[in-house]
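Visitor: What follows is the residue order along each chain.
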Amino acid sequence: MGDHMLEIKDLRVSFHTYAGEVQALGGINFTVGQSEILAVVGESGCGKSVTAQSILRLHNKDTIDYKQGEILYKGRDLLALSEKEMQKIRGREISMIFQDPMTSLNPTLTIGKQITEAILKHSDKEGNSTNQREANKQAAGLIRSVGIANPDLRLKQYPHELSGGMRQRIMIAIAMSCSPEILIADEPTTALDVTVQAQILDLMKALQIKSGASIVIITHNMGVVANIAQKVIIMYGGVVVEKGTSGDIFYRPKHPYTWGLLKSIFRLNKDKNEPLIPIDGIPPDLLAPPKGCPFAPRCDYAMKVCREQMPREYSFGSAHTCDCWLSDENCPLEVKDWRNGDVKYKQ
Amino acid sequence: MSNINSNTDVNHSNPLLEVRSLKKYFKVGRRQFLKAVDGITFHIYQGETFGLVGESGCGKSTTGRAIARLYSLTGGEILYDGMDISKFKGKAATRYAFDVQMVFQDPYASLDPRMTVESIVAEGMKIHRMYNSEQTRAKVYELLEKVGLNKEHAARFPHEFSGGQRQRIGIARALAVNPKFLVCDEPVSALDVSIQAQIINLLRDLQREFNLTYLFIAHDLSLVKYLSDRIGVMYLGSLLEVAPAEELYKNPLHPYTRALLSAIPVPDPAEESERTRILLQGDVQSPINTPEQCKFYSRCKYAEARCRERIPPLVETTEGHWIACALNKELNTDAYAI
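If you read the protein sequences in the order shown, they are chains W and G.
Position 293, counted from 1, in the first sequence is what my numbering calls 293; the numbers after and before it change by one each time, with no gaps.
Position 85, counted from 1, in the second sequence is what my numbering calls 85; the numbers after and before it change by one each time, with no gaps.
Read the hints as simulated data drawn from the structure, not as lab findings.
Cβ coordinates follow ideal geometry from the N, Cα and C atoms, glycine included.
It is possible that part of the hints are untrue.
Listing some non-contacts, in silico: residues in chain G with all C-beta distances to chain W over 10 Å [claimed, not checked]:
hint : residue
1    : N14
2    : G29
3    : E55
4    : R65
5    : T136
6    : E152
7    : L223
8    : P267
9    : E271
10   : D283
11   : T290
Okay, derived cross-link-like pairs now, SDA-like style, lysine to any residue, Cα gap no bigger than 20 Å in a straight line [as the list claims (entries may be wrong)]:
hint : chain 1 : residue 1 : chain 2 : residue 2
12   : G       : K250      : W       : K74
13   : W       : K263      : G       : D205
14   : G       : K151      : W       : G281
15   : W       : K74       : W       : I282
16   : G       : K146      : W       : I282
17   : W       : K205      : G       : S262
18   : W       : K336      : W       : F316
In isolation and in its complexed conformation, chain W is listed as follows (with noise of 0.2 Å):
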């Protein structure tokens, strides 16, 4: 350990709100190590996006609240960082793209003007800024290397001029455009078609492979999930209750909700006499978290300790933990199939 690019630890974060105050993480823990690409799953209203968001600090001063805990970005704890020290990692350190490609960029500038924007207000690596006519001349370099044909064209065109996928591409343009070494991509693929989204998720792929960042990839689709990570955390109600290698969430999942994920999607090879099994209820409501475990009302194995306290993390081999109280020792519950939620009661 130790060569972690992004560590977050104890993360808690509130918003205050008319309604109170809404407490968006209750202490979050997970690492990103270099070239490595991490996905973040959950329904919405889990806390991803807060998480995403918080380490570049996006949010409003005022209305968020970090109550405790450390964004460490090589060691340097983010949330100690001025505004002006902030603006220095944003873009170049750490970029971000966005889910909607239709709003993310400003309709009122070229594609031009929105990727030489980056390149103008950060000086490279070796502290050699550039001028426009380079910046253009790097901008066509980017647009070609997502893909995307007649660079000079596009340079000149706007947004509204773009499909979708295009749209998509220049984002992924422009989070580039300084070699960052960790890119955050918050539901990059939610808004395309599924032909578009295979086409992204190559050339997230390839770019990563090439520039060697991390990338930290947000989404609620366990298909792309499957499709590029290496490592999975699995978050619900403002907390992560499971964390392990893509390996160990698809195939040795611990935790009941991850379970519940599992069984309720849709697959193309699914038998159609498999039953479907949803979570039933709703997630909770984050102005008054529950006591315990937040997934305990809907879980189907929940104890009385779930509603009382919240379980600590539990180990499985070297990456893999899981949050949950069946995981103890102690736990007089066994399940034996998750599939098909055999459980008995160890002697």
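With chain W held as given, fit chain G onto it using these hints.
Guide: Here is chain G on its own, set in the frame of chain W:
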């Protein structure tokens, strides 16, 4: 129970709905027409679920809306029980409005925020004067329970519900007038994964209970495959392939269907890393004034001169498996194997 999808007895001799050479163009400028649906033909049997898939802008929603009589047609006809729906007037039109109901995609936008759940669900019953007020209320309670809500929810407003619950309200509203046919336009795509499964199971149970016929429109092929008996694949206003769900998945013929199937990521890392993907070149063409040729021509790796001669008609290659491709049966040969 042999097959979950054989919810109801599908009557294969008698299509409930027939769509013939349906065209819907929207005028977008001088001599400029957006060809949303450009001559599609299919039929839906009584009691079955017909899935319509395709990417955004392919015309699947327009088709659904045309069937619900929300549009006047540019060409072609839609027959319901053998009768042309565009000719329905007076009583027949009312009858059709009872029989065919829609469930919409966005549960946040499709419920009036100023109406209570009770008035939303009861609206259709009141307009059609189906019951007196006591009966109406009882019916509302019954419907809410059917869709997994309860009567305490009746007095509340839409904003007090989650997305999944709102979609349940939308389904209760659709069922209120005892329909026979539901057009479900992306009913779960705005919902979270775990909630999607709840709604899909609900739709399937309701189909069994009320002997409903569904047109299920969605972009998610794995979801459509799970729910449908037969599936139609649309691209840029054309229907390219129609086949039973299992057959379409096991033996896709049209080059576009193959690409679409291969693009869907499978939630299994080992399988996913071994899959070969057919990547489509370029983007979808503009649907404005598309030429009279195969719509997939510009992106198809098998494209030939004959593909430009006309829009290929839908032809049956093997029983129940239809494709619209100039290459037609040749796609079944080794030369075009995947």
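Visitor: For each hint, tell me whether it holds in the structure or not.
Guide: Structure-based check of all given hints:
no. : hint             : in the structure
1   : N14              : holds (24 Å)
2   : G29              : holds (16 Å)
3   : E55              : violated (4 Å)
4   : R65              : holds (20 Å)
5   : T136             : holds (28 Å)
6   : E152             : holds (16 Å)
7   : L223             : violated (5 Å)
8   : P267             : violated (4 Å)
9   : E271             : violated (8 Å)
10  : D283             : violated (4 Å)
11  : T290             : holds (16 Å)
12  : G:K250 to W:K74  : violated (49 Å)
13  : W:K263 to G:D205 : holds (19 Å)
14  : G:K151 to W:G281 : holds (17 Å)
15  : W:K74 to W:I282  : violated (38 Å)
16  : G:K146 to W:I282 : holds (18 Å)
17  : W:K205 to G:S262 : holds (18 Å)
18  : W:K336 to W:F316 : holds (17 Å)
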